[in-house]
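Visitor: Now for the letters of each chain:
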Amino acid sequence: MESIRQLLASIPNYSALPEILRDFIPMLVSCVIVLLYVAVLGMFLVWLERKVSAHMQDRLGPMYVGGWHGWAQSLADGIKLLLKEDMIPSSADPLLFKLAPMMVFVGAFAAFVVLPFGLSSIVADLNVGVLYLLAVASLSVVGIIMGGWASNNKYALYGGMRSAAQIISYEIPASLALMTVVVQVGSLSMQDIVLAQQGGIHKWFLFRNPFTFVAFFIYFVCSLAEVNRTPFDIPEAESELVAGYHTEYSGMRFAFFMLAEYANMFVVAGIAATMFLGGWTQVLPAALAPQLIPGPILFSLKALFLVFVQMWLRWSLPRLRVDQLMYLCWKVMLPVSMVLILGVGFLAVYWK
Amino acid sequence: MSTYFKDIFSAVLTTLIAMRITFRHLFTPAVTVQYPTVKWNLPDRARARLFNKIEDCIGCGQCARVCPTDCIDIETEKRAKDEPEIFASDGTPIKLRTYVFDIDMTKCCYCALCTFPCPTYCLVMTKEYEYSVYDKKDHVYHFAVDKPLYAKPAKEHAPKA
Chain Y
5 MESIRQLLAS
15 IPNYSALPEI
25 LRDFIPMLVS
35 CVIVLLYVAV
45 LGMFLVWLER
55 KVSAHMQDRL
65 GPMYVGGWHG
75 WAQSLADGIK
85 LLLKEDMIPS
95 SADPLLFKLA
105 PMMVFVGAFA
115 AFVVLPFGLS
125 SIVADLNVGV
135 LYLLAVASLS
145 VVGIIMGGWA
155 SNNKYALYGG
165 MRSAAQIISY
175 EIPASLALMT
185 VVVQVGSLSM
195 QDIVLAQQGG
205 IHKWFLFRNP
215 FTFVAFFIYF
225 VCSLAEVNRT
235 PFDIPEAESE
245 LVAGYHTEYS
255 GMRFAFFMLA
265 EYANMFVVAG
275 IAATMFLGGW
285 TQVLPAALAP
295 QLIPGPILFS
305 LKALFLVFVQ
315 MWLRWSLPRL
325 RVDQLMYLCW
335 KVMLPVSMVL
345 ILGVGFLAVY
355 WK
Chain X
1315 MSTYFKDIFS
1325 AVLTTLIAMR
1335 ITFRHLFTPA
1345 VTVQYPTVKW
1355 NLPDRARARL
1365 FNKIEDCIGC
1375 GQCARVCPTD
1385 CIDIETEKRA
1395 KDEPEIFASD
1405 GTPIKLRTYV
1415 FDIDMTKCCY
1425 CALCTFPCPT
1435 YCLVMTKEYE
1445 YSVYDKKDHV
1455 YHFAVDKPLY
1465 AKPAKEHAPK
1475 A
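Those sequence lines, one after another, are chains Y and X.
This note's numbering applies: residue 5 is where the first sequence begins, and numbers increase by one.
This note's numbering applies: residue 1315 is where the second sequence begins, and numbers increase by one.
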């Protein structure tokens, strides 16, 4: 946002504006940029998901719309969903029903505020960035359970309940896994965490020490559960619950759930890329290769690779049962991440 | 305790194996084809829409009798003695004038039983399988070209409403 503020300041007579506007306009501009990024990214990820799933099943996926490999498929779908009738079931709670998709989307959207796309391309480098991310990420649970309750549908309610149970459980090992990095960096600011990994692949926390190496995988698996992806997609298990919490949703409200889901996928992948894969820093050290790729692109590529792995896992693994899900969280992920925290703590104290 | 760690190990291992399999499939060529532009080559004896070469049809009605769904409708009359003799392409004399030969493809079950008894091999199943229509009546194919000279059509052949 600093760079946007400076850019706006270069406009003549900008300083003549009242101060409240000068505060407000950069926020608005960065909001619009992030919103555009989320919308384009959401559509791209929907297309990518369809292509990846198709090719993993020896199919082709969308091929017609737009010419090259159906690139405009999600655009066409989006327009279709926009034009659809806005339906609210007669026995639903109208206010909560309308509020739920917004809530979920706000949760996904707000997380983009602290994602560091580059040294200056970050909306706000909060000094409690990681804490903020974890807080905002759990906002989507409220929206999901709200939608499940407001639909007045047993499948939607089941989906919402399962989702709440799952996301709240998996947040604990995920946060603990992120803490291993925070302990090493000594800061909760996303930018500080990225800067601590500057200087090439060997500086990434993924390869820094064995504890953070395991922590990355723990975080990744937990993040799958947090965004309701297979193998942890019991909240929207289509063979059991129709579509889970968004069973009753159609048209644009459904599109918002969809967009939020894919934005959330990118957010959790972005967090993983920031914390463990060096964020926007270059892959190879400066001594070995020229540092050509701009930070935002590099960050997006790293995050997109993790999103691809999420899709890859989706078509590799079957869905877990509810009890297996809870077993994995409380009896495997949690103890292991506790051990990791201990180990990293020892390293931080004695390895200096 | 040892089963606990063994379970974790096998979970990681089997996940990796599954990912290897799906990754391999990511690069295998697709088995599907882009249907309206690319089509499968049908097997030689594929059975789809029926076709009757009416010039060879002797009106024997064996196809109609064998049809399990009664989708073939034949009406014939005797040709008069003074009419010129005509023959099917394999030399069978045509003694009957077929003035109704309707096949209702909505009833057809594609068993091809009707093609076997045909003495002049004029009733065949073609490979034509794209013949969707907007009206169900258009699925009744009228093959007869002759008009009856003596008999009056016994019944109305339009499908009942």
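Treat the hints with caution; some may be incorrect.
To be verified - From the derived model, a few chain X residues whose C-beta atoms are all more than 12 Å from chain Y:
#1 ILE1335
#2 ARG1393
#3 PRO1398
#4 PRO1407
#5 MET1439
What the hints assert, rightly or not - If you want a taste of the chain X side facing chain Y, the calculated C-beta under 8 Å gives, among others:
#6 ILE1322
#7 SER1324
#8 LEU1340
#9 THR1342
#10 THR1346
#11 GLN1348
#12 ILE1400
#13 ALA1402
#14 THR1406
#15 PRO1433
#16 THR1434
Said to hold, decoys possible - One side of the interface only, derived from the structure: several residues of chain X facing chain Y at Cβ under 10 Å:
#17 ALA1325
#18 HIS1339
#19 ALA1344
#20 VAL1345
#21 PHE1365
#22 GLU1369
#23 CYS1423
#24 TYR1424
#25 ALA1426
#26 LEU1427
By construction, these hints were calculated from the structure, which means they are not laboratory data.
These figures come from a predicted structure and were not determined experimentally.
Heads up, the beta-carbon is just placed ideally off N, CA and C, and yes, glycines get one too.
Visitor: Run through the hints listed earlier and report the numbers of any the structure violates, in increasing order.
Guide: Violated hints (numbers, rising): 1, 7, 12, 13, 14, 15, 16, 21, 22, 23, 24, 25, 26; every other hint is consistent with the structure.
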